Structures are given as C-alpha cells and as structure tokens.
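**Student:** As a plain string of letters, each chain reads:
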Amino acid sequence: DTEVTQTPKHLVMGMTNKKSLKCEQHMGHRAMYWYKQKAKKPPELMFVYSYEKLSINESVPSRFSPECPNSSLLNLHLHALQPEDSALYLCASSHHRDRDYNEQFFGPGTRLTVL
Amino acid sequence: DAKTTQPNSMESNEEEPVHLPCNHSTISGTDYIHWYRQLPSQGPEYVIHGLTSNVNNRMASLAIAEDRKSSTLILHRATLRDAAVYYCGTSYGKLTFGQGTILTVHP
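As given, the protein sequences belong to chains Y and S, one line each in that order. So for the first sequence, our numbering puts the first residue at -14; every next one is plus one. So for the second sequence, our numbering puts the first residue at 53; every next one is plus one.
It cannot be assumed that every hint is accurate.
Some, not all, of what chain Y presents toward chain S, calculated at C-beta under 10 Å [claimed, not checked]:
(1) Val(-11)
(2) Pro27
(3) Pro28
(4) Glu29
(5) Val33
(6) Leu73
(7) Tyr86
(8) Pro93
Example chain Y residues on the side facing chain S (calculated, C-beta under 7 Å, incomplete) [said to hold, decoys possible]:
(9) Leu75
(10) Glu88
(11) Phe91
Rather than coming from a laboratory, the hints here were simulated on the basis of the structure. Just so it is clear, the structure is predicted and the values come from calculations on it, not from any experiment. Cβ coordinates follow ideal geometry from the N, Cα and C atoms, glycine included.
Build the full structure now, drawing on both the sequences and the hints.
**Tutor:** Below you can see the structure in the form of structure tokens.
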C-alpha cells in the first residue's frame, strides 16, 4: 500500500467553526508533513513530524494545530480560521525526516474554503 | 533555503523529448535536488532526485550541472499523461519547491 489518504476531500467552514483534517498512511513511514497550497502556487511546508514528535513548525499561526496520535495518523485541527486560509491542504509522508533523499508521498489533499 | 527558478510554462509534442530547466544558484553542497509533478486535482508525485551525478529512473532522467547551480529534467518521450505542473525543489532538512513549470503536451 503506497497511498496517503486524506479526509475530507472538501471542507467549507465558517470563521468561528472548529474542524479537523485527517491524514493516514500505512507504509511504515516515520515522517509526516502538512503543506498548504494556494491556487497556482507551489506547496508550502507548514509542519513536520518525525517519529510522532513535532520537529518543524514553519511559524504557522496557532489557529492551526497539528497532532500525530500514532505513526500512521496525522491530524490538523482548525479553529478561528480566516478567509485567506482557504487553500488545498496536503499531507505527505516519507521514510525518515532527516534523509533528504527520501521521496515524499503526497495525499490528494483537502480543499478548504473558509467563509 | 536555496532559491529555485523555473520557466512558467513549456510546450511539447507527443513522443518528443522534453527538457525542463531549473536554476538553483544558491544551492549548498549538501542540498538534494528533487523533481515532483502535480496533475490536476492531485497531490504532487515524486519524479526523481539527485545530489551531484546524473540520475535515471523509469520516469525520467535528471542532468545536474557540474557546479550544481542548475539542473534539467528530461522526459525522453512525452505522452499526454505527462501534462502537469513540474516542480523543481531542493532539500536540506526540508523540501522547498520552486514556482513550477506548466507542461503542455500536444497530440
């Protein structure tokens, strides 16, 4: 199984809502990533988990809260988002974080719209 | 982070080779060079990576300049399924993508 799955595919939320994005992989990878992608732009790294510990936070606002409950699951909790947070949120995984040659496997993303 | 620059778009005909360039003039000696592509409504897909030597795999070839300040992704025979946005990126601890090249393949 070389797949990264993400749910939901689409999410519409108001600025006062709390929602969560979910990501799952069963490849035994120990590094997992969240990226944000605006339209016609490249993915931008948000967070990296290595062995279930947060290793990189790219100065992301606290209204985004990541969680890695186990080595297969990655969540992104959303609260009090702004309309400019509307984007495609991509999850990825790789064998290790500190092996720069490792390829990353991306999920299809969650298309988030904040009203 | 090394800054990468890519042409906004390129066009090719089916079954012809495609050479996609990338400049990464501020790359450091330990940064890997990666290429990913993204089809519409999908997440990025790994294509190839390298450090100093040219690399080949079943999808493509990667030619890295001797000074490592540029690289070229080579698709040997483009197909319609190769139409995508191709991202060049560098990694040292984290992967940073360039702005991407939209590749159009004409039948």
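**Student:** Hints first: check each against the structure and report whether it holds.
**Tutor:** Now for the hints, and whether the structure bears them out:
Contact between valine -11 of chain Y and chain S, as hinted, is supported at the beta carbon level, the nearest pair being about 8 Å apart and thus within 10 Å. Below 10 Å, beta-carbon pairs count as interface contacts, and proline 27 of chain Y has one with chain S at about 4 Å; its hint therefore holds. Among the interface hints, the one on proline 28 of chain Y holds; its C-beta lies about 6 Å from the nearest C-beta in chain S, closer than the 10 Å criterion. Given hint, glutamate 29 of chain Y at the interface with chain S, holds; its Cβ is 8 Å from that chain's nearest Cβ, closer than 10 Å.
Because the closest C-beta pair between valine 33 of chain Y and chain S is about 7 Å apart, less than 10 Å, the hint holds. Checking leucine 73 of chain Y against chain S: minimum C-beta separation of about 8 Å stays under 10 Å; hint holds. Look at tyrosine 86 of chain Y: its Cβ gets to within about 5 Å of chain S, closer than 10 Å, so that hint holds up. A distance limit of 10 Å between C-beta atoms decides the matter here; for proline 93 of chain Y the minimum to chain S is near 5 Å, and the interface restraint holds.
The criterion of a C-beta within 7 Å of any C-beta in chain S is met by leucine 75 of chain Y, whose closest approach is roughly 5 Å, and the hint holds. The beta carbon of glutamate 88 of chain Y comes within 4 Å of a beta carbon in chain S, closer than 7 Å, and the hint placing it at the interface holds. Against a cut-off of 7 Å between C-beta atoms, the interface hint on phenylalanine 91 of chain Y holds, since the closest Cβ of chain S lies about 3 Å away.
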